[in-house]
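*Asks:* What follows is each chain in one-letter form.
Number of protein chains: 2
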Amino acid sequence: MKKVVKFGGSSLASARQFKKVGDIIRADKTRRYVVPSAPGKRNSKDEKVTDMLYTCYEAASTGGAYKKILERIKERYQEIIDGLDLNLNLDHEFDTIEQNFVKGIGRDYAASRGEYLNGIVMANYLGYEFIDSAEVIFFDENGNFESELTNKELSERLEHVERAVIPGFYGSKHDGTIKTFSRGGSDVTGSIVARAIHADLYENWTDVSGFLVADPRIVEDPAVIETITYKELRELSYMGAGVLHEDAIFPVRREGIPINIRNTNKPEDKGTLIVESTCRKPHYTITGIAGKKGFCAINIEKAMMNAEVGFGRKVLQVFEKYGISFEHMPSGIDTMTIMVHQSEFEEYEQSVIAGIHRAVEPDSVELEADLALIAVVGRGMKATRGTAGRIFSALAHARVNVKMIDQGSSELNIIIGVKNADFETAIKAIYDIFILAEI
Amino acid sequence: MKKVVKFGGSSLASARQFKKVGDIIRADKTRRYVVPSAPGKRNSKDEKVTDMLYTCYEAASTGGAYKKILERIKERYQEIIDGLDLNLNLDHEFDTIEQNFVKGIGRDYAASRGEYLNGIVMANYLGYEFIDSAEVIFFDENGNFESELTNKELSERLEHVERAVIPGFYGSKHDGTIKTFSRGGSDVTGSIVARAIHADLYENWTDVSGFLVADPRIVEDPAVIETITYKELRELSYMGAGVLHEDAIFPVRREGIPINIRNTNKPEDKGTLIVESTCRKPHYTITGIAGKKGFCAINIEKAMMNAEVGFGRKVLQVFEKYGISFEHMPSGIDTMTIMVHQSEFEEYEQSVIAGIHRAVEPDSVELEADLALIAVVGRGMKATRGTAGRIFSALAHARVNVKMIDQGSSELNIIIGVKNADFETAIKAIYDIFILAEI
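Chains as they are written, first to last, in the UniProt record's numbering: chain L, 1 to 439; chain Z, 1 to 439.
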């Protein structure tokens, strides 16, 4: 049994947080590979170390005053080292960093030092081996992550290392230049490590007790999703329910390794388990609700539309010409609706309408703006009759007018279009009927 | 006030039926232009005159024995003439017909004689002027109906004719050859006449008291639709609720002339009024339910599908290549379902799947056959919240699993996919909730 445990910035923001992390790791001997982020905010007014590093580098590399901020970064680490009673001195590391900053070695290098230093502190605290990610995670000369090479090197390196700390967020190009993943990329590092060691579980420790069924800004204290499949997660995260870095999913998914989202501040909570597939029945019929505002509907009418082979293709081609991707395309017999992002569409609005007229000679083209799309997602929906009935009854009861419905045969989700103004009301109504009423 | 009245074959199958028609026409002086079909069946074992004419012509034109069947055709008309006590002799017309049949003048000519002779009888019975449609309805040399020329000639001819009988179903090419519309084409003639005289109403008299909310083979004694818009009718008729010839709609629709479907055997029934648009609130929330079996769903899955501009277009292009028109295309985030007619799709099934793989490299393509589509149509749905909720609650209650949902912003219809086996149950359930429960 081997687990990879990744800790986010808020889990490592202070000595106090480090101690929680230490307790978590020591509580389970299989937590053998640790991927730390850089220290995050200790409170809402605090600064993240990564941001401080960027500021410091900006100044140092352009000949500006950087000593003060560098000192504050040092203090952040010193506070952790002192608080943990460690016998560790980072002076040498900071000297190297300062020299490199003044040389202008690169922003990615600067950004990565937060994880690098935190990795050294963590390894010292746990008594684990420290492995610099620059030695095991590789990017090609264009900055693209080299997944297969990394996997091979990392597997070999970790094969005989019982316990190790591998800092998140960065790796290196073949010339030694440091390169980072995009922001939040420590999630990706954890996933890459989990794949390389064939982990049984990838634990991703954050400051939330897992994914929530609905947005807490809309629904008060929403329930936590116990188990979610990758597919469900993708459907929800597309609609704006983001917690996990998207690229973090692929390395573990291909190996069938589950991800467990946990809360460092509430280690007793089970969090959310993300799996490839599961027989486990979900607690509620739906797994989650997510949505986005700012869509526009283009309604096309033409008598006998259905008899025209190629009608739909020609319409989509017009949108494609202007680089506009359509979200949904529900159709009646003589009517067709194309849902697009208003922001993408606005600039080309008139060109698209003219293009549709040229392409298919419709009887009419009408626009409706300020619409929102809501995705109700759940693998349990296929097995439960009446899900759609419950959703639309709840919406009717909440006086929400349904502008669009789209449900394909996968039966994994129902997409509902409503007015922007009804967005929050609709999500609350759906949440209440499935989670609070629990029917 | 001017009305065009068209009578179908069963309304004119016997002297008894003719008398009903006579009473109807005489009851309203504005019923000035009459379009008769050929005599239809008097009972379920009877033959239609048009079919007898085809048989007779087949024999006569190929040197076979035709006298007996020609005699039976004569008897059909003689029964009507005698039953109406008319002073009318069709010997001359039948001599001409016999000569032309033996000459092999054409199947369309043969078929058209049923209406032609019935027109003469009708004109004599009513004391209206008889106008041979060959003189006023025109086709070009390729057999395409010449709408503008016909409208001009017919308008001029009828301008000074107070009351006339114009037989349905046929016209002529410029060389005088008789050409018919497709079967059921008397509906079209009535519509053309209504347009030419700027009728206030086009009454289409049949043997049913209007369009029904649902198929009477599925729902027992369904309610009659009082008022339906052309758009609603088109949505329903496409799905198989056919009563009126489709081409019959266009001539009157462009002039805003309503069509009234009436029952010759129950003239007291108001029938169904077909209109361009109406402020009149429908009696029920939904106007009608129709559907068809025999669809197939092609489910395409691909991670990040939504991010690919052109994905939908490329998929549709594959279907287009094989001449397959898609009916609906509901989509999730990473999933897309294409609904097609199983009969159109089967032959090219494997080629289409291969084509999709080549075009968009999906993660998976799955087929689900034996599905039915149901269209719930109604202009009242937009104004009534909760329509969708009622539909899907009713289906859940009836234990019907919903495989697909499609509703665009026109809100004129909701399309529902179910298994073929659930088709009748689903239609009954929807009918019951809206019409019987009347909620």
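Each hint should be verified, as a subset may be incorrect.
If several chains are the same, the list does not tell them apart, and a pair holds so long as it fits within one copy or across any two.
The list that follows gives simulated cross-link-like pairs (lysine-lysine, DSS-like), each with its CA atoms no further than 30 Å apart [to be verified]:
#	residue 1	residue 2
1	K74	K270
2	K419	K302
3	K266	K314
4	K179	K48
5	K20	K302
6	K45	K173
7	K48	K103
8	K266	K179
9	K19	K428
10	K419	K179
11	K382	K302
12	K19	K152
13	K68	K103
14	K270	K281
15	K19	K419
16	K152	K68
17	K281	K419
Everything labelled a hint here was simulated from the structure, so no lab data went into it.
*Asks:* Would you pick out the hints that fail for this structure and give their numbers low to high?
*Replies:* Numbers 1, 3, 5, 6, 8, 9, 10, 12, 15, 16 - these are the hints that the structure violates, sorted from lowest upward.
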